[in-house]
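Start from the sequences, fold in the hints, and give me the full structure.
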Amino acid sequence: MSLIPDYANAVGSAMSYNRKAADTKGKEKTDGNASSEKTGKANKADKTDRTGKTGTVTGRTIGNPKLSEKAAKYYEELKRKYSNMDFILVSEDQKEKARAQAGSYANASKMVVLIDEDKIERMAEDENYRRQYEAIIANAGSGIAQMKSSLEASGTKVKGYGMQVNDGGTATYFAVLQKSSDAQKERIEKKREKAAEEKKAEARRAQKEAQEKRIRDGKNQRDEHATERVNKTDEASEADWENTVTITASSIGELLKKISDYQQNERMNTVQTKEERLVGGHIDYKG
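All residue numbers for the sequence shown refer to full-length UniProt numbering, where the first residue is 1 and numbers rise by one.
Among the hints, erroneous ones may be present.
[Stated by the list, open to error] Per label pair, the in silico range of CB-to-CB distance:
#, residue 1, residue 2, range
1, I215, R99, 56 to 62 angstroms
2, R131, K190, 47 to 53 angstroms
3, R99, K257, 17 to 23 angstroms
4, T170, N64, 41 to 47 angstroms
5, K97, T170, 37 to 43 angstroms
6, E127, R99, 25 to 31 angstroms
7, K190, A100, 50 to 56 angstroms
8, T58, E125, 18 to 24 angstroms
9, K190, D93, 28 to 34 angstroms
10, T61, S154, 48 to 54 angstroms
11, D126, R192, 17 to 23 angstroms
12, K53, R214, 56 to 62 angstroms
Think of the hints as simulated: they come from the structure by calculation, not from any bench.
Keep in mind that this is a model prediction, so the values were computed, not measured.
Glycine included, every Cβ here is placed at the ideal spot set by N, Cα and C.
In structure tokens:
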């Protein structure tokens, strides 16, 4: 009996088995790579979903607000649309701080709009929501412009106006007024006088140093007085801003009333001179 056929059959079976095993292993590897790639993509997508606010935020901010690319693009369009306003983007965790310190962000030349990142995100996605809040901003702009004109005509000194866009389709409006009572004026004047005295002393020191330097090297120092004038102006401006009061309200009508009430209270608290008390005079306020 020949062993050759049996040996050939055995070799053939072994080769067939090896081919099947190799095919199975190759398929498993291919499937594994595909699965790994799919999982990697899913993980990357999840990560992007969690942290994917990659849009560039420009302009004034409070906190560290972040926007998606779509929201960042819309925010730029919103600022261009209302270019007569000064937008400040607020991070979600700084909303209460912005509300408490709204007056400190006032702009003397433009109405300030404090708006948080979540509202910009939703405005970029939801057309109805966008229309609702853009209407709030537009109405505030026209309403405050009218109020500003009226107050300026009455002689009321307002340093700046603004609004903070709230949840639920509402807004808070604010105005920063310069305190005008005699006591406040006196405090401002004293601060100015103190700053002026300090600057004079500084100028004297600078002049002495300049004279000594001229003696040493013959060079003439000519810019101390110009610097003094600039610094004195800055000091006076800071003093004016420090002596302000911020009035807030839930509507422009309420804000106007509160401003009027504040001015009335200021008039009542104004210290009259001895001559005015003797003649029974009073300070006339047109408002």
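Task: R99 and E127 - C-beta distance against the hinted 25 to 31 angstroms - done: Holds, since E127 and R99 (Cβ atoms, about 28 angstroms apart) stay within the stated range.
Open item on the list: Within 17 to 23 angstroms: is that where the Cβ-Cβ distance between D126 and R192 falls?
Closed with: 52 angstroms, violated
- [ ] Confirm or reject the claim that T170 and N64 have a C-beta distance inside 41 to 47 angstroms.
- [x] 25 angstroms, violated
Open item on the list: Can you tell me whether the CB distance of T61 to S154 sits inside 48 to 54 angstroms?
Closed with: 35 angstroms, violated
TODO: Could you say whether the range 56 to 62 angstroms given as a hint is met by the Cβ separation of I215 and R99?
DONE: 59 angstroms, holds
TODO: Given the hint of 18 to 24 angstroms, check if T58 and E125 actually sit that far apart at their C-beta atoms.
DONE: At 20 angstroms between Cβs, range holds.
TODO: Go ahead and decide if the range 28 to 34 angstroms is satisfied by the Cβ distance of K190 to D93.
DONE: Given a distance of about 40 angstroms, which is not inside 28 to 34 angstroms, the answer is violated.
Task: Hint check for R214 and K53 - Cβ pair distance inside 56 to 62 angstroms - done: Because 60 angstroms falls inside the window, the suggested range holds.
TODO: For R99 and K257, compare the CB-CB distance with the range 17 to 23 angstroms and indicate the outcome.
DONE: 20 angstroms, holds
TODO: Take the C-beta atom of R131 and the C-beta atom of K190, compute their distance, and say whether it sits inside 47 to 53 angstroms.
DONE: 52 angstroms, holds
Open item on the list: Taking the Cβ atom of K97 and the Cβ atom of T170, is their distance within the range 37 to 43 angstroms?
Closed with: 19 angstroms, violated
Open item on the list: Verify the CB-CB distance for K190 and A100 against the hinted window 50 to 56 angstroms.
Closed with: Violated, since K190 and A100 (Cβ atoms, about 29 angstroms apart) do not stay within the stated range.
Of the hints listed earlier, those the structure fails to meet are numbers 4, 5, 7, 9, 10, 11, in rising order.
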